[in-house]
Amino acid sequence: MTDSFALPTRFGAQQLGGCYAPETLMQPLFDLEAAFRAALGDPAFLAELKGELRHFVGRPTPLTPAPRLAAKLGLRALFLKREDLTHTGAHKINNALAQALLARRMGKTEIIAETGAGQHGVATAAACARLGLSCTVYMGVTDMARQAPNVARMRLFGTKVEPVAAGQGTLKEAVNEALRAWAGRCDRAHYILGSALGPHPFPTMVRTFQTVIGEEARAQVLEQSGALPDTVIACAGGGSNGLGLLVPFLGDGLRRVAVEAGGHGKALGEHAARLDGGRLGVLHGCKTLLLQDEHGHTAETASISAGLDYPALGPELAGFALDGQVEVRRASDEEALAGARLLCETEGILPALESSHALALLSALAAEGAATVLLGLSGRGDKDLSTYQSRLGI
Amino acid sequence: MNPLLPFLMAGDPSLEALPQLLSGAKALGLDALELGLPHSDPIADGPVLQAAAHRAIDGGATPLRVLEALAGLTDSPDLVLFTYLNPLLQIGAARLKKLLAPTPVRALLVVDLPFGEEPAFEADLRAAGYPMVPLLAPTTPLDRARQILAERPDPGASAPFAQRFAYVVARLGVTGTGQGTDLAPVRRRVTDLQALTTRPLAVGFGLSDAASLAAVRTMGATPVVGSALVQALANGKGLGEILAPGLR
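Protein chains in written order, with our numbering: chain A, 1 to 394; chain B, 395 to 642.
Extracted from the complex, chain B is given alone in its bound form (with noise of 0.2 Å):
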């Protein structure tokens, strides 16, 4: 089991630090990374995420800047793109398929795309080797996981982390730390999906501290911490130094 799932903001610091960071992450061991592509307006995401996009937009981070940036790299972990349509729709599919070959992305969570809205775009991009991320809300009743699940299906065990696992949201709201997240309602939520599936599971938003990712693991499950990373990051702590707690 993947023990971390650390979500970074492209170009935040800047762009120029990211291929330094994802080997980073590398040598840690960590096998897969959520990259944030920064938008304009992330609805899905709190006060720290907001304000890294606005940084990371503000040094120049556009998304093909970014693509740039991670085109040609092999030390970093399996990249899952985390990011809202627009942009991707602006560029389209057929120069995205493009545009991503180079790079370590394997996989793509669009957060406002939920599936059915674009399903020509969504299946060339499966086609081509850029599934989308299948997203489980506390609000998602378990008849429509297990559709959301087969309409972004499991590529096989063969297939690397990044491209199998769902991603399971611990409670209502946008990204961003938690104060006390009740994991209760998490664990159980988390065996109910189990019995649905036999993928990994990522469970995200609100976890920050090392017993909140100790717990998600007692679950059989992959703990994502984001918006505590880029914020540790943001004050000047180095990556290992704030994941390597975290990962014992």
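Just chain A, with the same shape it has in the complex (with noise of 0.2 Å):
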């Protein structure tokens, strides 16, 4: 039993992350941040993730030129790194399959899972059917609604849904509700957080089993055009799609983006986008840049996308862009819809509302310098048909 953490805890220069968590839940902390090193270091759990990733997740994921899209926008070249066609449909796979593996490789018999979009509870529910694990997912009623295909998903993988009506009815108040849940079951449950976000060791370890998706795009643009992107770019909720995605690329001469919620307005409660609108503050176990209200209390946030609906970035994305590694930029929901629409008539490719605000910033991108971009598609858009067909008239 170890009574420390070993890896750093903390990210950049204001310090970013730590673990700030109940008193309940450090043990286990500490525990899980042993397990994961253990993991790490183990040839046999890496061989079977990897073996899982291909045969049950289908990666590698391709990288897809879109060269009617770059016309479009007056790039030269632009490729997109396809998580949407993951198994399940969004990168949060890559991360609910590992955690899932290590849960199991800790003897924890239970699962215990927070959603926004419902991408993260379906990939948790996939990956706890895989494996023969029983799963509980939180899930904000605001988001219930307007996800409804991702709550029937989770329930037909005998995933237990579990609506959370406090507050918005969002991700936020899924967290609260899912690490609740684990202070009552830690000894015997395992908490898979969705992003990377929380008390240490999870903003670590999510970004870990998520830089599959930049190495594997880093290797397939290299392969395909013999240079690397003037710009790579992705869209950032709590950031495990953006860190996966840029992280390998953070020794590289180029520009690294990542796009948050602009929502329908720039005051406080009208947007997600946590670089211009909020303060370092505390939420969840994390210390980072938090859209709060004068009294410390957590701001309300807006967006189209329910899974960028979330008043904290993560802490190392905010570390990274409070140092300047990362630029971090925002997407209205208009944009993020004309962005989608684009998309689909020139590629023939639905993305996810998440993704569409990394589309959408393209023009601009293309305005500013740009020539050739990549760009994660973070997750399909089959769950948002609802929202493309009331929003955009079809």
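If you're looking for bench data, these hints aren't it; they were derived computationally from the structure. Be careful, since some hints might not be right.
Said to hold, decoys possible - Using C-beta positions, here's what the derived DEER-type ranges look like: (1) A:Ala-38 to B:Ala-421: 44 to 50 Å; (2) A:Gly-158 to B:Pro-496: 56 to 62 Å; (3) B:Pro-407 to A:Pro-163: 25 to 31 Å; (4) B:Arg-582 to A:Phe-5: 55 to 61 Å; (5) B:Glu-410 to A:Leu-156: 49 to 55 Å; (6) A:Ala-267 to B:Ser-408: 25 to 31 Å; (7) A:Gly-184 to B:Glu-635: 29 to 35 Å.
Ideal Cβ placement from N, Cα and C applies to all residues, glycine included.
Bring the two chains, given one by one in their own frames, into a single complex with the hints.
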């Protein structure tokens, strides 16, 4: 049994991250870090993970050139990293599956998870069904209504979906409830946090399991075009997709861009843009850029995309943003919808609303001089069809 | 030994009612009381205290207004301010010390602040007379319990209970009225911890009926009553009416 952490718990010059957890969860977090480190050093675990990523998830995912969209935007080349083609339809499965394998290795019999858009919930539900673990997913009631197909998918996989009615009924409340549930069942349950958030070691663990996206993409773009792009871009809710794509490019001389949800306005409560609108604060176990009011209460957020509708930017990504290694930009609801439509029409790919925020920024990047862009298409848009239908009038 | 450590949520039912509740608690002979500073995201609280916090916030009980309402109060037990870190962090240690100075607050219980995460903030407040209450959970190994008690030291036998006690979390989970919380493991735990420290112990999470409170007292510890009290107050009962049976 260990009684302290061995990995760094803080990120960047501002020392973001940390482990601001209730005492009940401290020993479980020490144990989790120890199990994570041991697993990473165990060739059998790594081989099993690699095998599952290949044969169950469908990795490597393709890197698809998008020449018609590139031409339309005035880019010389555009490459899409197709996480939408993973099993369950988003990058979330990379982390969910790896943590489920870790939980089984730790002897845990139950899984707890939160979900916003439902992609992490579906991924966790699928991984649990495959590994024979029982699973409970906490989901805000607003999100359950706007992502109803994902609720049905989770239930088909045998997962219990617990509605969370508190507050706005979105991701923040779901995380609150998942943390409470874990404190009650931490002796037998593992909490699979879905983004690079929460107390240490979650941000580091989630980022580690997601960097497969950027590692594959970097090799694929070199293979296809013989050079690195001048810009790499991904959307960022908590930051698991953003970090997963961008971290393997940190040593390269190129622009790294993460796109937040600009929602429908600039005032607090109308968006989920933490870089402009946030201040350093502590929520859900970590210190990071946080949308909050003058009393230190978490602010309400708004986004057409449930997966980006969260008041805190993951601490490692916030650290990279504040230290100038990643540019953080925002795209509004309307811009994201337009970005989605353009990709559908030019390339025959239906993106998730989350990914559409990155697509929305492409014309601005082109105007700023970008010529070759690699974009993380984090998920597919089937779950968002009803929003697209109503908002685009189709 | 302090017979009972009650918990109230500041601003529930109203900030105006707070002075009278506190003087009522003092009249019952209570040395100390935990006062919740309502937070938007109380991740360690069950449904009763979540609802109380949201009622209080909706009623305008911001951290600054709570501290203002406490300023100058003398007819009150010593207060342990029970809260989450972010509101305090946003106020900042320097301003917080000034705001606390005219209040009966004697210690802070910050649920999501393990020792070592904000060392400068914590040391600054401790030096000013606002120590952090050490929390010991069922998952806390005894070696770590020893370390927590050392990092958040006993200011000494002459200090009031509010500044000396360690909070023993009786069971896994969040605050709330436990249905039939099994007290046998709690008794073993308290005995183990009493072998580590001479400071007073308070036991909370899931105690509601008079028999559980009495059982904790036979362990030589102070029972905490929170959710059951907050719920009874919300149902319109008076403080004395609720607490007097548990004090017998």
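Status of the hints after comparison with the structure:
no. : hint                               : in the structure
1   : A:Ala-38 to B:Ala-421: 44 to 50 Å  : 57 Å, violated
2   : A:Gly-158 to B:Pro-496: 56 to 62 Å : 57 Å, holds
3   : B:Pro-407 to A:Pro-163: 25 to 31 Å : 28 Å, holds
4   : B:Arg-582 to A:Phe-5: 55 to 61 Å   : 29 Å, violated
5   : B:Glu-410 to A:Leu-156: 49 to 55 Å : 53 Å, holds
6   : A:Ala-267 to B:Ser-408: 25 to 31 Å : 29 Å, holds
7   : A:Gly-184 to B:Glu-635: 29 to 35 Å : 31 Å, holds
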